[in-house]
Each structure stands twice: as structure tokens, then as C-alpha cells.
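Student: One letter stands for each residue in the lines below.
There are 2 protein chains.
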Amino acid sequence: MHLLKEKILKEGKRLEGNILKVDSFLNHQIDVALLNEIGKEFKRRFQDKNITKILTLEVSGIAIAVIAAQYFHVPVVFAKKTESKNLDKEVYEGSVYSFTKAQHYKIRVSKEYLHKGDNILVIDDFLANGQAILGLKEIVDAADANLVGVGIVIEKGFQKGGSLLRAAGINIESLAIIDSLEEDEIVFRSN
Amino acid sequence: MHLLKEKILKEGKRLEGNILKVDSFLNHQIDVALLNEIGKEFKRRFQDKNITKILTLEVSGIAIAVIAAQYFHVPVVFAKKTESKNLDKEVYEGSVYSFTKAQHYKIRVSKEYLHKGDNILVIDDFLANGQAILGLKEIVDAADANLVGVGIVIEKGFQKGGSLLRAAGINIESLAIIDSLEEDEIVFRSN
Chain Z
686 MHLLKEKILK EGKRLEGNIL KVDSFLNHQI DVALLNEIGK EFKRRFQDKN
736 ITKILTLEVS GIAIAVIAAQ YFHVPVVFAK KTESKNLDKE VYEGSVYSFT
786 KAQHYKIRVS KEYLHKGDNI LVIDDFLANG QAILGLKEIV DAADANLVGV
836 GIVIEKGFQK GGSLLRAAGI NIESLAIIDS LEEDEIVFRS N
Chain S
686 MHLLKEKILK EGKRLEGNIL KVDSFLNHQI DVALLNEIGK EFKRRFQDKN
736 ITKILTLEVS GIAIAVIAAQ YFHVPVVFAK KTESKNLDKE VYEGSVYSFT
786 KAQHYKIRVS KEYLHKGDNI LVIDDFLANG QAILGLKEIV DAADANLVGV
836 GIVIEKGFQK GGSLLRAAGI NIESLAIIDS LEEDEIVFRS N
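Protein sequence lines correspond, in order, to chains Z and S. If you're matching positions, the first sequence starts at 686 in the working numbering and goes up one per residue. If you're matching positions, the second sequence starts at 686 in the working numbering and goes up one per residue.
This is chain Z alone, in the form it adopts within the complex (with noise of 0.2 Å):
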């Protein structure tokens, strides 16, 4: 996606260990116009999938959510991370890896909202190491739900997620694969 990757070229910076910054657009700041484009792909590449519902992980994956959503006409449903006391007992529950923190978190959608023979979308701002999204698939799969895509807003390419996920056959679209951070510059894959 033109628009998305002209962005994160102008805005993106590039820290230590790898870590791409797209706070002035997506993790702190929020470019709302950009969210609609952004929304419209997904729309456009997940169009024959009769989708009937978004799940996203709080926090960072909300706002795409919510915005490409509109152009679905689906509820969001948004997994937590923290066990709050207000959530309902009753809860599909996945188990997420964290590399940085090197131990496993569990995350947890209320069976309310996912139902046997949803065709869900997932959607995240980052794909890295794919761990949240094999947390995600857990709960889908345990609602007996379809998960019949995935669309990712940045896929780090270096790192073994994407292919980790596309060899376990999940339909990932990703708007932007960047092949490296290194050297000073930002190497997107031409797709």
C-alpha cells in the first residue's frame, strides 16, 4: 500500500533492536485519514470472505479496527489482556509468548461475542513474531469460529512470524513487509 509505506518512510524511526516507531501515525498519535485508506485495503482484500466479525487485541490494534470495521458493517471485538473483574466469567482464552518479557500472558474474549460460524478478520497494527496472532487464532478456534484472514498494517518480514503463520495456512495480508531496518534505511518487499 503507496500511501502506508510513503509514511512510515517519512515518519517511521528506526530504534535499537529492531524496532520500527510509527508513533506519530498509529501508536500514539492516530492519523485518522490514513485509518480509512488503510480500512478501505482491508475491505478490498478480504471482500469475498463475508466476513462477520473483527478481532484485534487491545491496545494497538483498536483503532484500525474499529475504523475498518466501517467498511465491513461488523462489530469489533477486542481481547483482553488484563483479568478484569468486570469481564465476564465465561471466557475463550489464548496464551500469548512474549519474547521481550520471555513468559507466556493469556488473553481472553467473553464467549459472548465470538459464535460458532463467525468468519472472523483479524486485525493488528504489527506482525513480528506472530505470537499474538497464534493466541487470537486459539480463541477463534476454540469458539468454533472461521479464521478466515488476517490483516496486518506492518509486517516486519525479518522476523519469522509471517511465514511461521502462512506455513500453518492463515491468509495474511500484510500492507506493508518490510525487509530490513538495518543500515540506515528502510527496506519495504515489493508486493
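Since the hints were derived computationally from the structure, they do not count as laboratory data. A few of these clues could be false.
The list makes no distinction among identical chains, and a pair is therefore deemed to hold if it is satisfied within one copy or across any two copies.
[What the hints assert, rightly or not] No farther apart than 16 Å at their CA atoms in a straight line, the calculated lysine to aspartate or glutamate pairs in the EDC-like style are these: (1) Lys766 x Glu743; (2) Lys706 x Glu797; (3) Lys786 x Glu768; (4) Lys706 x Asp773; (5) Lys791 x Glu823; (6) Lys698 x Asp773; (7) Lys774 x Glu701.
With chain Z's structure known, arrange chain S on it following the hints.
Tutor: Structure of chain S alone, referenced to chain Z:
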């Protein structure tokens, strides 16, 4: 806002401790069509304020803020509750007192995304004790920006936040004000 009140009456769940759970359309599953109407209503109420930026607080304000921002054509900034290694070192800080946890926590916005003279609309899902709004106001004041309005989806009118903030001269618009959650009934203030 009639549509919102209807939705609260139909799907809101009253829990012990004066808690209103709106997980089916606002805090877990998100009804994006309803958020569109909420966004339009905020625009109607703040249309003459020359808003330049919408500020909210993670997590539950984000969805509402980005959908509303489409009608104002301005960016959203969300304050962060957790100290992230990727957040800029130069931040505006606010302090929020949590009655549930009986302690203060810090919220932060990078200095890059709020500027002197910005006309800020703060948006949040709930107003109860008003502490989150006070913390956000601290940040707006520190940036020398103008807090021109606060848009709240659901105000708990039986808690002190609303009167506290209005007494401080803050321009608050709440789309539904609940005066009582007791005795098996949700009672709205006629506004």
C-alpha cells in the same frame, strides 16, 4: 441521546458496586454503527469550538475517539498508562487517582503531539469520579493547549465527577447521564 439510552436500557448490565457493564457495545464488543452516531452527536455539540485535536486515554476511549475524529477531521492522541521503553523521553505527565486501587498512577503524552494553542476535545467512555479527566487536563495545561470541551458517552450522575469538573469551568457534554443504578432500574437524567 435517545439511541444510546435505548441501547443502555436494552444491553447494559448492572453489577454490584454501582457498576454498569456495557461490554456488548462499548467496552469489549464494539458497535461501530452506534459509535458513528455518537461521533456525529459530539460533532454537533462541539462544532463551534474549532477543535484541532482529540485527546483520550487508553484503552476504552480509543475506539470512541477515532470514530468521532472522522467528523472533526483532526488527529487523535491517546495518553498512555504504562511506561513504555518506546515512548519519547520528553512527555507531559498527568496524575490520576484510582479509587478502586486507592493510589495514583501516571499518564503520559509525548510532547511531540500536543502544542501550544491546540484546541483539545477530550473524549472518554465513562465519567464517574472525574479523576481521569483531571489527569488529562493536567497534560493539556502543561502543553499550554486549550481544553475546549470534554465529551463523555456515559456519565454516572450520582458520582461526583460531573459536578466537580463543571464547577471547575470545564465544558462537559455527556450523551447519557445516569442518576441511579439502584433498585433494579437505570434512571436517566433528562438532558
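Student: Run every hint past the structure and note whether it holds.
Tutor: Going down the list of hints, with the structure as the test:
no., hint, result
1, Lys766 x Glu743, "both (7 Å within a copy, 13 Å between copies)"
2, Lys706 x Glu797, "between (35 Å within a copy, 13 Å between copies)"
3, Lys786 x Glu768, "between (18 Å within a copy, 15 Å between copies)"
4, Lys706 x Asp773, "between (34 Å within a copy, 10 Å between copies)"
5, Lys791 x Glu823, "within (11 Å within a copy, 34 Å between copies)"
6, Lys698 x Asp773, "between (39 Å within a copy, 11 Å between copies)"
7, Lys774 x Glu701, "between (41 Å within a copy, 15 Å between copies)"
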